[in-house]
Amino acid sequence: MEVNREMKDISVQELISSKEFIPVDVRAPIEHRDSAIPGSVNIPLFTDEERQEIGTLYKQSGEEAAKWRAMEIVSPKLPRLLGEIKDLKKTGAEPVIHCWRGGMRSKSVASFLEYAGIPALRLEGGYRAYREYILERIPQLLPEKAIVLHGMTGTGKTDILQALQEKGYPVVDLEQMANHRGSIFGMIGMGEAHNQKIFDALLFERLNEIKDSNYFIIEAESKRIGRAAQPVEMLEKKVNGIHYLVKSSISRRVERIYIEYVQPFMGEAWFEEAVREKVSKLIKRINHEVSPSLAIALEEKNYKELIEILLVHYYDPRYNHALLDYEGPFNEIDADDSDVIKNIEKEIQNTFSDSTAV
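Its first residue numbered 1, the sequence shown is counted upward by one per residue in the UniProt record's numbering.
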């Protein structure tokens, strides 16, 4: 039986432009976690430990020894690996094999697939080409105008963004993309913040979804959000955008933070330890007159009191200072109004009468 060994490569643009493809990342799990194409499936040739072993062997004994060891490791896995990729085709999607730069790993898997009678597609240039492409495209995809939501911690800005996104508005949720929120309680239960590569991939994906809109809605985040930084072009649009200031009573702000970030984890040993560690660091930076009250609230696990002290004496003064970076004007929004979403929709419709949703 003659096998067609000429595998087909597709470009990053072809991959992104069609929903018929599913990226298959054959790199080690640690590489996939660090930098993955959104929606990709990780079917690794090597485990993290095997990858390290081969790399060490390459340095110590050379390319030939490393390749031979790689063959020994991969050979028993081939039926399972090829079977997993074959099963993906049953979903109706076309697997596109990729590694870091379209090198030996993806070429090997594609060759094995061809030998097994399964037509193979590879991503030209691998993940590296994908990253270069999205970094070039992100500034070009940014809609013309930014609607920026300002507001102190606990005013419900994220709730507003999510509600608007569910209604089809072109929201870009930067905190979600960074998997990071600025406040102490906001980080509880979120896990590790996303790195720059993951943030950029998610940002590109969302901007590509809303590319036909002439505006986008974001929260007034600082340049760096956790481990990631916004592109300069987005920061410029934010400064020159249409600014809304979300306001809420201190009691409602405390309640929002408590319900979302404290109540679900009450009684968990890790939660109490995490709060104690973070608050202990802040006591040094806060007004010395309220430090004793903060320490007592922490010791008594009076979290509502703790939240209010931190808001009034730490977060609010810092936020008021940050607002000085904007000349305004600010359109005020009452987050405690039951019709807050309808009110924002009216404002948006008045400003962008020809484009209210994506």
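Derived by calculation from the structure, the hints in this document are not laboratory data. Every residue gets a Cβ at the ideal spot worked out from N, C-alpha and C, and that includes glycine. Wrong hints could be hidden among the right ones.
Cut-off 25 Å, straight-line C-alpha distance, at most; resulting in silico cross-link-like pairs (SDA-like, lysine to any residue) [what the hints assert, rightly or not]:
#: 1; residue 1: K342; residue 2: E209
#: 2; residue 1: K86; residue 2: F21
#: 3; residue 1: K67; residue 2: K89
Label-pair distances were calculated between CB atoms; the ranges are [as the list claims (entries may be wrong)]:
#: 4; residue 1: S222; residue 2: E332; range: 20 to 28 Å
#: 5; residue 1: R101; residue 2: E347; range: 42 to 50 Å
#: 6; residue 1: E53; residue 2: E166; range: 42 to 50 Å
#: 7; residue 1: R318; residue 2: Q263; range: 19 to 27 Å
#: 8; residue 1: S338; residue 2: Q196; range: 37 to 45 Å
#: 9; residue 1: E53; residue 2: D87; range: 25 to 33 Å
#: 10; residue 1: G103; residue 2: P79; range: 34 to 42 Å
#: 11; residue 1: N331; residue 2: G103; range: 47 to 55 Å
#: 12; residue 1: G103; residue 2: D337; range: 51 to 59 Å
#: 13; residue 1: G92; residue 2: S222; range: 16 to 24 Å
#: 14; residue 1: P79; residue 2: P264; range: 42 to 50 Å
#: 15; residue 1: M71; residue 2: R318; range: 42 to 50 Å
#: 16; residue 1: N287; residue 2: P264; range: 27 to 35 Å
Which numbered conditions among the earlier hints are violated in the structure presented, ordered from lowest to highest?
-> The structure breaks hints 3, 10, 13, 15; every other hint is satisfied.
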